[in-house]
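> Quick note: the sequence shown uses the numbering used here, first residue 209, plus one each step.
By construction, these hints were calculated from the structure, which means they are not laboratory data.
Derived pair list, reagent style EDC-like, types lysine to aspartate or glutamate, alpha-carbon separation capped at 20 Å:
1) K359 <-> E376
2) K308 <-> E261
3) K251 <-> E261
4) K308 <-> E398
5) K365 <-> D353
6) K359 <-> E380
7) K308 <-> D260
8) K365 <-> E380
9) K251 <-> E463
10) K308 <-> E449
Everything numeric in this text was worked out from a predicted model, so none of it was measured.
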Amino acid sequence: MAGYVDLGDRQRLEETPAACVDLSADEVHLWQADLNLSEPQLKQLATTLSDDEQQRAHRFYFDRDRQSFIASRGILRVILGCYLGLEPNQVRFSYGCRGKPALANCDRPPTVQFNLAHSQGLALYAVTRDRALGVDLEHLRPLSDIEQLAKRFFTHKESQLISSLTPEQRQEAFFKLWTCKEAYLKATGEGLAGLNQAEISCSIENPASCLTIQGISPQPSQWSVIQFNPQPEYVAALAVEGQGWHLSYGEFDPESFIPPASRNTSVFT
209 MAGYVDLGDR QRLEETPAAC VDLSADEVHL WQADLNLSEP QLKQLATTLS
259 DDEQQRAHRF YFDRDRQSFI ASRGILRVIL GCYLGLEPNQ VRFSYGCRGK
309 PALANCDRPP TVQFNLAHSQ GLALYAVTRD RALGVDLEHL RPLSDIEQLA
359 KRFFTHKESQ LISSLTPEQR QEAFFKLWTC KEAYLKATGE GLAGLNQAEI
409 SCSIENPASC LTIQGISPQP SQWSVIQFNP QPEYVAALAV EGQGWHLSYG
459 EFDPESFIPP ASRNTSVFT
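Work out the full structure, taking the sequences as your base and the hints as a guide.
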């Protein structure tokens, strides 16, 4: 599976995941969430964070960054708790050598796999079973040095593709390539270090279409990558291990959940 996907054509999930969501082995669930929450909602989500997450929240210099972190991590806990049958504050994470988060609770098959991305107040959460996956999201914005960035982070073929486009086309093409590559590298656990090693083949006529992946994966053909626009002025990509899976899409409604205020938190003091 590769190319552009219209999320409007996907099977719709409920606006908020119910407890013990059914997730079959051939399904991938993609949740979209608005991170611009009210202060009461943020306070509720802050109660679900672990001690180390609260410490991370305190370290943000700007309020907007701290609030975005609390919202994105709290919503992640709510969503994963529904799949695991756990309260949000009971979800435990472990981290790979390059910082990729995984579930520490999920020590027996079938294992729930997830990934998340956020940009400019919007977040995406991808959830599946027994297969690696990665998601990336970027808000379209002007970049003054697109060609230099492409030469630094992209393969030679990809940077040539960017240079061949008109100035009007380069911005969106750059972010589409970036999100496809980043989603794939998040799925494999390689991170930004592999950006100029994994190659995404795109047609100049339609830069949104990911045709093949070649690079650091031993079997790149075993990966599926799709590109989509979750909202106007945003581009995103989802990379999933294997073929033959089905994508369902939902929007997270903060009004329909009340995380348990099981303990005090000083994040907002």
